[in-house]
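Working from the sequences, and respecting the hints, build out all of it.
Number of protein chains: 2
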Amino acid sequence: MKKESSLSEEIIDVALVRGFVFPSAEIYGGAAGTYDYGPIGTLIKNKIVNLWRQRFIYEETDHNIRIWEMSGSRLLPEPVFVASGHLEKFNDPLTQCKSCKKSFRVDHVLEDYEVEVTDGTPLEELTEKVKEVGAVCPKCKGELSEAREFNMMFKTQLGATGGHNAYLRPETAQNIFVSFRRLTHSMRAKLPFGIAQIGQSYRNEISPRNFLIRMREFTQMEIEYFVAPEHLIDYPKFDEVASSIIRLVTREMHEKGEKAMDIEVEEAVEQKLLPNQPLAYILALETEFLQLLGVPYEKFWFRHMSPEETAHYSGGNYDLEVDSDYGVIEIVGNAYRQDHDLQCHAKASKTKLRIEHDGKMIVPHVVEPSLGLDRIFYTVLESCYRNDETRTWTWFAFPPHIAPIEVAVFPLRKKPEELIESTIELYLDLKDIGLDVFYDDSGNIGKRYARADEIGIPFCVTMDLESSKDDCVTIRDRDSTDQVRVLTEDLASILQMLIDSELTFVELKEKYSIDEGLVEE
Amino acid sequence: MKKESSLSEEIIDVALVRGFVFPSAEIYGGAAGTYDYGPIGTLIKNKIVNLWRQRFIYEETDHNIRIWEMSGSRLLPEPVFVASGHLEKFNDPLTQCKSCKKSFRVDHVLEDYEVEVTDGTPLEELTEKVKEVGAVCPKCKGELSEAREFNMMFKTQLGATGGHNAYLRPETAQNIFVSFRRLTHSMRAKLPFGIAQIGQSYRNEISPRNFLIRMREFTQMEIEYFVAPEHLIDYPKFDEVASSIIRLVTREMHEKGEKAMDIEVEEAVEQKLLPNQPLAYILALETEFLQLLGVPYEKFWFRHMSPEETAHYSGGNYDLEVDSDYGVIEIVGNAYRQDHDLQCHAKASKTKLRIEHDGKMIVPHVVEPSLGLDRIFYTVLESCYRNDETRTWTWFAFPPHIAPIEVAVFPLRKKPEELIESTIELYLDLKDIGLDVFYDDSGNIGKRYARADEIGIPFCVTMDLESSKDDCVTIRDRDSTDQVRVLTEDLASILQMLIDSELTFVELKEKYSIDEGLVEE
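These protein sequence lines map, in sequence, to chains A and B.
Residue 198 in our numbering sits at position 198 of the first sequence; the count goes up by one each step and never skips.
Residue 160 in our numbering sits at position 160 of the second sequence; the count goes up by one each step and never skips.
Derived by calculation from the structure, the hints in this document are not laboratory data.
Among the clues, some could well be false.
Heads up, the list lumps identical chains together, so a pair's fine if it works in one copy or across two of them.
[Stated by the list, open to error] Using 25 Å as the maximum straight-line C-alpha spacing, the simulated DSS-like pairs for lysine-lysine come out as follows: (1) Lys360 x Lys350; (2) Lys101 x Lys155; (3) Lys89 x Lys155; (4) Lys360 x Lys190; (5) Lys190 x Lys414; (6) Lys360 x Lys237; (7) Lys237 x Lys415; (8) Lys415 x Lys190; (9) Lys431 x Lys47; (10) Lys447 x Lys190; (11) Lys431 x Lys190.
What follows is the structure, encoded as structure tokens:
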């Protein structure tokens with residue numbers, strides 16, 4: 001199974017073969033930048049989404065602050081993007097080959113010549129740099145055109161008459177701002193509150209690349225936190241995270257090429273390294289969330305983006321960056337958008353987008369964590385991927401709560417029929433009590449363990465010919481490949497404890513005996 | 001609160017005001033046929049989706065048949081729709097006003113003249129009928145043009161170079177057929193199996209109308225069941241539903257204008273009223289599912305569509321139709337697609353789309369239930385809406401498992417502070433054990449009960465000044481508006497039983513006493 005290739009190539013290989021992700025419309029040559037999640041990928045993705053809903057919406061909502069989820073249209077009419085500025089400014093710098101007519105992003109072309117350009121570099125400067133380094137068409141070595149702006153929104157027409165331009169949203173956030181009045185009125189909202197949304201966004205990338213990292217259709221999990229000015233310095237839940245430690249790269253540190261520092265959230269706010277308490281709160285929450293997904297603390301940090309990388313209205317952007325096989329990638333954007341969006345849409349729509357606070361009508365400020373689900377999914381794959389000496393196949397060390405399946409149930413052999421029957425009965429019993437189980441009797445037991453490892457199933461349960469005599473089954477642990485034989489009647493509770501991480505497999509081995517069960521100390 | 005208007009108008013009114021659904025980009029005048037789900041609508045919608053996943057995927061999957069969920073790109077390249085026939089045939093008949101230039105669906109215009117035309121009526125015939133009845137522009141009374149075909153897919157361009165047409169998928173099904181090879185190989189699939197998908201589909205309706213019934217962006221929950229020829233007459237799980245009763249309208253009954261008949265699923269197959277066992281199985285499942293959502297059995301039926309309403313390759317289409325304030329509407333389409341889709345894509349892509357079965361490579365047949373989530377959502381609203389004499393406000397009788405929130409927790413008054421504090425403590429305790437609770441202390445208790453009823457919260461819990469002395473709280477039942485006082489320590493388990501429908505409120509009233517608790521008989 002093992003191959004000599006880069007980490008990301010190995011992962012893509014497993015992803016294709018084991019039902020995680022494949023190119024959309026592959027039998028027609030595909031369409032660059034679009035992917036389908038296969039059955040295993042969808043199971044994992046749904047669990048990540050559920051965990052986000054649980055941690056960022058359900059657990060966050062209480063008597064102090066409410067986070068509501070909405071679900072808006074992906075297709076939006078032109079005035080929305082005139083007001084938001086996307087129609088004018090959501091551009092990438094494009095160059096076209098004068099011979100083969102292919103298009104490229106100028107900054108990507110320059111990267112191949114080891115010229116790094118930041119977002120927002122003027123077109124003239126880019127054209128100048130292309131000439132300086134003598135950059136040519138990456139496909140045919142032809143001459144490249146001057147740089148020009150290319151709008152990244154997908155455009156279409158509403159209705160049959162023409163003249164009604166619509167666009168696929170380039171971010172989920174705009175629905176929330178545009179529906180602000182309905183949202184606040186219908187929910188009788190009081191500051192601070194949050195509106196969350198998960199769904200697809202679309203960017204017509206000139207040259208999609210790097211697998212799930214730069215896609216044309218992708219999924220975002222965003223929350224807009226609406227706060228009053230005083231919440232910036234006194235956010236209701238800030239105390240809960242004040243002493244949490246996050247990893248931070250300041251602008252100065254980034255310029256000097258320094259690595260991230262560990263800092264207490266409260267100290268970062270006091271030192272003005274973070275602009276306000278709600279944003280600091282969110283960074284602490286994300287630090288916890290990524291670790292729940294199996295991404296090690298050392299692998300990611302928050303970087304204060306430079307002024308050139310940041311919109312003019314921003315009060316501070318902090319990207320969650322990860323070290324990956326594709327280099328440093330941004331997987332979450334955190335932005336203090338101030339009151340920019342509501343002011344823009346209020347002006348353009350001639351609508352009052354305000355909310356009552358302490359007896360006055362005010363335009364609230366916005367702090368936004370924007371999580372890229374596909375990039376997070378890829379980061380989880382990379383963090384959990386194992387190609388080591390413990391076995392001759394590759395495996396994923398997913399935390400049990402995001403593994404595609406919790407438990408696989410196997411008969412040791414395909415005969416006798418009674419063994420198959422009683423294994424199926426056990427499988428159905430475990431399913432009935434709500435465990436996320438999978439039954440398989442094809443191939444030999446070794447192959448089944450390998451296939452379970454390859455998609456990261458944490459526990460396998462095997463019934464054998466002895467089982468009918470001693471009422472025992474074998475639990476096999478993915479991480480250690482160790483096995484423990486337990487009474488069938490103890491199985492469900494032991495599995496539940498293992499899945500909930502209330503018991504480790506090492507502890508099970510040490511403390512369990514068939515005669516005495518699990519001995520509590 | 002009550003108004004004199006039609007049922008659907010009343011529901012739209014509540015939907016707008018109480019955070020269920022609002023027009024997208026409303027502050028810019030909206031875009032016809034697109035809606036945002038607000039916080040309350042999203043909660044209900046997510047619960048319907050979860051119930052679909054639970055019933056159609058998780059519970060269906062066992063050792064006999066596996067249903068896997070995939071999640072494919074909404075944006076797909078042109079060759080997909082050339083092969084599927086959508087580019088050529090997915091058209092609506094359009095007429096344009098020669099004066100005001102507005103476009104209309106010819107069949108909709110004719111409906112206003114009480115001329116009913118079935119899908120698939122030739123264009124010439126439609127033009128003829130317009131002349132016959134003297135139909136004019138519904139907006140300006142201008143002369144209408146001849147009928148022509150209008151393709152309903154939204155078109156856009158991939159990349160900057162041009163020439164790469166892409167379309168927003170008009171149904172989720174195509175992803176599944178196109179990725180068939182990857183799906184079967186990666187999952188080592190064996191017939192029969194199902195691939196499920198939930199996601200947005202897009203149809204550029206000439207004239208969207210009827211709220212959530214005819215939208216341009218909508219959500220489908222589809223499953224493609226792949227079966228071998230022998231499964232058509234011997235489907236593994238058929239016995240489980242053989243004696244289930246469904247409501248059916250045959251072609252003959254429809255022509256005669258007859259109402260649906262109740263018939264056992266097995267008998268319907270034997271009488272050849274249904275084409276095969278898997279399709280019959282699905283109709284039984286849907287009958288159960290809709291009732292779980294609170295839609296009464298008498299309100300819906302399956303109609304065998306006429307040949308004119310059915311694609312040429314279909315082996316039988318059975319729409320789930322519902323009596324609604326908008327007339328009879330289709331909320332689920334069930335189709336026996338035979339092997340048409342896989343044959344089309346195999347031919348167009350020059351790929352073998354086959355699977356091994358009993359030692360031979362075969363092209364499986366497909367049976368497809370396609371559930372329209374938005375139409376189902378509307379049907380649930382209509383089925384559960386109450387405007388009656390029990391109270392002076394309107395309410396929703398949602399089954400507890402799809403109510404937006406399970407339990408609201410209130411202090412009786414806003415003072416003293418200790419009452420607020422202990423109510424918040426109770427709220428947080430209920431939240432900690434995983435109940436879906438909501439806290440509110442604004443307005444008076446009567447208004448809070450009314451607001452809870454308006455969004456269909458089944459149970460309210462109120463703490464009062466006595467609570468600190470007698471350790472009791474009051475549970476108020478939405479449906480009866482009755483109240484029962486219970487010990488705070490019994491509260492969580494009683495609520496859980498009420499939510500799980502293991503206990504009715506009437507039973508609680510009869511069997512519970514503060515001294516003895518819940519007396520089992």
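Against the structure, the hints:
Taking identical chains as interchangeable, the C-alpha atoms of Lys360 and Lys350 lie at most 25 Å apart only when both belong to the same chain, with a minimum of 20 Å there against 67 Å between chains. Taking identical chains as interchangeable, the C-alpha atoms of Lys101 and Lys155 lie at most 25 Å apart whether they share a chain (22 Å) or sit on different chains (23 Å). For a Cα distance limit of 25 Å, the shortest separation of Lys89 from Lys155 qualifies both inside one copy, at 15 Å, and across copies, at 23 Å. Taking the shortest alpha-carbon separations for Lys360 and Lys190, only the intra-copy value of 12 Å comes in at or below 25 Å, while the best inter-copy value is 65 Å.
With identical chains, the CA atoms of Lys190 and Lys414 are at most 25 Å apart between copies only, with a shortest distance of 17 Å across copies and 62 Å within one. When the C-alpha separation of Lys360 and Lys237 is checked against a cutoff of 25 Å, the pair qualifies only within one copy, where the shortest distance is 24 Å, while the shortest distance between copies is 63 Å. Taking identical chains as interchangeable, the C-alpha atoms of Lys237 and Lys415 lie at most 25 Å apart only when they sit on different chains, with a minimum of 24 Å there against 59 Å within one chain. Taking identical chains as interchangeable, the C-alpha atoms of Lys415 and Lys190 lie at most 25 Å apart only when they sit on different chains, with a minimum of 20 Å there against 65 Å within one chain.
For a Cα distance limit of 25 Å, the shortest separation of Lys431 from Lys47 qualifies both inside one copy, at 18 Å, and across copies, at 21 Å. Only between protomers do Lys447 and Lys190 lie at most 25 Å apart by alpha-carbon distance; the minimum there is 18 Å, versus 57 Å within a single protomer. Taking identical chains as interchangeable, the C-alpha atoms of Lys431 and Lys190 lie at most 25 Å apart only when they sit on different chains, with a minimum of 21 Å there against 43 Å within one chain.
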